[in-house]
Amino acid sequence: MSLATRLEKLDRRYLFLVILLAVLLPLLNPLGLPIEPTPKVIGLHKAIEALPEGSVVYFATDWDPSAAPELVPMAQATLRHLFRRNMKVICGTTWPTAGPLAENVLREIGDECGKTYGEDYVNLGFKEGREVVMVSIATDIANAYPVDYHGKPTTSYPIMADVKDFQDVALLLNISGGYPGTKEWLQQVQRRFGMKMGTCTTAVSEPEYVPNFQSGQLVGLVGGLAGAAEYERLIDTPGTATRGMDAQSLGHLAIIALIIVSNVAFLLRKRSGKSGPP
Amino acid sequence: MRREVPLLFTVVFGLLMIVDFFVPHPFIADWAQRFRDWAIIIIAASFFLGVANLVKINLHKVSRREKEWPFAAALLGSLFVTLFLGLAFGIADKGGIRGVFNSIFLYMYTPMQATMFSLLAFYIASAAFRSFRVRSFEATLLAVTAVFVMIGRVPVGNAMSDALNLPDGLTFASVQAWIMDFPNLAAKRAILIGAALGAIATGLKIVLGIERNYLGEGGAGK
Amino acid sequence: MTLSADALWNIVAAILTLAIFSYLYKDNPIYKFAEYLFVGIGAGYWFCVEWHNVLVPNLFNKLIAGDLLLLIPLALGLLLFTRFMGKISWLSRWAMGLMVGTFSGLAVIGFLQSELIAQIQANLLSVNTGSMGTNVNNAILILGLIASLVYFFFSTEHKGAVGGAARVGIWFLMISFGASYGFTVMARISLLIGRLMFLIEDLPRSLGVGG
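Chains as they are written, first to last, in numbering that gives the first Met the number 0: chain G, 0 to 277; chain P, 0 to 221; chain X, 0 to 210.
Read the hints as simulated data drawn from the structure, not as lab findings. Heads up, a few of these hints could be off.
With a Cα cut of at most 20 Å, we get these calculated SDA-like pairs of lysine to any residue [to be verified]:
#1 K269(G) to R134(P)
#2 K55(P) to K66(P)
#3 K151(G) to N103(G)
#4 K93(P) to N103(G)
#5 K25(X) to R12(G)
#6 K31(X) to I14(X)
#7 K61(X) to G150(G)
#8 K195(G) to Q112(X)
#9 K25(X) to L119(P)
#10 K269(G) to S135(P)
#11 K93(P) to R12(G)
#12 K151(G) to L54(X)
#13 K61(X) to W30(P)
#14 K31(X) to I56(P)
#15 K151(G) to G94(P)
#16 K163(G) to M194(G)
#17 K86(X) to L214(P)
Modelling step: build the complete structure from the supplied sequences, incorporating the hints.
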């Protein structure tokens, strides 16, 4: 059996090992590769910097554990920025599994920045209804969320005193893991209510929202772990995303190497006269 | 009754959602908000249907001792334990036994789901090695774009650009950004517009009662 | 050595993580057990969240407070369960009709303004801006959009000028698919990074081991 054929028939578990090592080794021995913020991420940072202090931001956390490795670092970085700028944060979600994850992030960053639940931020929890409930929330927050994540009446919190609907919200920041998420907020709320909107999304979805960023519907677009690392760089607080970027880089190089090796093997086999699958 | 009532609901609720966008009158806005509240409740009820179906199927498996019935028993056991803890003590973490529901979610459900999806990293590598073949010009275009994006979007692209002393407009990051902001944007926009036209047409057909597949019937007029 | 509750739960999380990872070697009963456990916990969790976050505050509490019109969605929600009851299962269509109508109405408006009008508006670009680079880039956006849309137009045969435009459209689409592939790889690798970070950082920290 030629080398090319042996390569093409390689047990996939060896490939799994290659990926595992490519990702694990840089986590154990960081390389410190340089991170440069890109315009779409800078756009969100600038938009938050431009908000007057004390502005209300609706923090829509639409994710589940499958997207958490990418989205939690973004949520942490943007929340840190919002709290450092003394914004009031109202958090809600349309995903059933986001509530506890969002609560953890809010508490962690809220405590770090010396913020008080109910005054500086509130977690309204989950509400069913996907795009239907998005319009309801934008029209009347307390009607859609009679109680918060902890079961207390929403209107009992000081932060909600002057906030009835999205006319009172300066920025809609969506942390989006899929459907329902950024696309639905754009369709149902952003244009309809004239909202300033930014999104932090998974890398898979980032290419889809580039048209919305270019059209001005989104003021900023933070995509994937790389986007999160760039935002950490912008707020000068390296975190999980920054630590993961070396592993991300080597993981990509490993995939590219596999593609090149497999195509070289394919071409060699083709040249030796055998065509079709091995 | 079998067809007319659901169709009536579809037409009334659908048209009201559309009219609510154009007519700011409080009467329309109030009823649209009310109908949205009703839809939210019914969607929530539909999840209970799913859970009931799951219980029914797995109880059947366990009672008939079918293949993999011990696993079905584990499913039912974990379902009822979680259900009991959540309904009895609430979902937020209040410490002690009242925090166990939250812990089950954070330390059992969350790592399992996250790990299941992380398996995709291995499978994408395997798929890239076995199936990614550059057989035509179009496939080459796809491959070259993917390589530029994979290098340009991560710090190794910056490091390689510095090492090769590439000018500002030709770094991996710049090329990747140009690809995303121009050719990629044009194609994605075309897909968005095409999909939007299809969605609007289908939505209007449903709201006007022409499309009835969701009722288990054929299309227009059937 | 006494372990804290946090440490014990993290050990459980690590065991379940490794159980799922064991599938990479081959399918096995440990993986299967974890998979069924996941489904069971998920179903129980979703039930409780829908109950506490939706039905109690948005239905039962408001009903008790006097909003009797909510008896309508309550009745329609209960009618959904007639799906299990053979002869009267058609009653579940009433609730379906309401849901489908609401979603469809919102979809028409949403797609129209956000994805049709906004996107077409954003692509009305000048090719005479005074900057050669901007002119070329805008021309690429305009021609790329038109060519890609021509590719999706199947009511006419792709021959001659239409065929040529469709071919160019395919090239643009291939570039966008390549970009999507690159970002998909990025996302998948990130998910693996997250799990490995849990195993090598979060777990040892909760056990009081290492830095």
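Comparing the hints with the structure gives:
no. : hint               : verdict
1   : K269(G) to R134(P) : holds, 11 Å
2   : K55(P) to K66(P)   : holds, 16 Å
3   : K151(G) to N103(G) : holds, 18 Å
4   : K93(P) to N103(G)  : holds, 13 Å
5   : K25(X) to R12(G)   : holds, 9 Å
6   : K31(X) to I14(X)   : holds, 14 Å
7   : K61(X) to G150(G)  : holds, 14 Å
8   : K195(G) to Q112(X) : holds, 16 Å
9   : K25(X) to L119(P)  : holds, 15 Å
10  : K269(G) to S135(P) : holds, 14 Å
11  : K93(P) to R12(G)   : violated, 44 Å
12  : K151(G) to L54(X)  : holds, 15 Å
13  : K61(X) to W30(P)   : holds, 16 Å
14  : K31(X) to I56(P)   : holds, 17 Å
15  : K151(G) to G94(P)  : holds, 17 Å
16  : K163(G) to M194(G) : holds, 15 Å
17  : K86(X) to L214(P)  : holds, 16 Å
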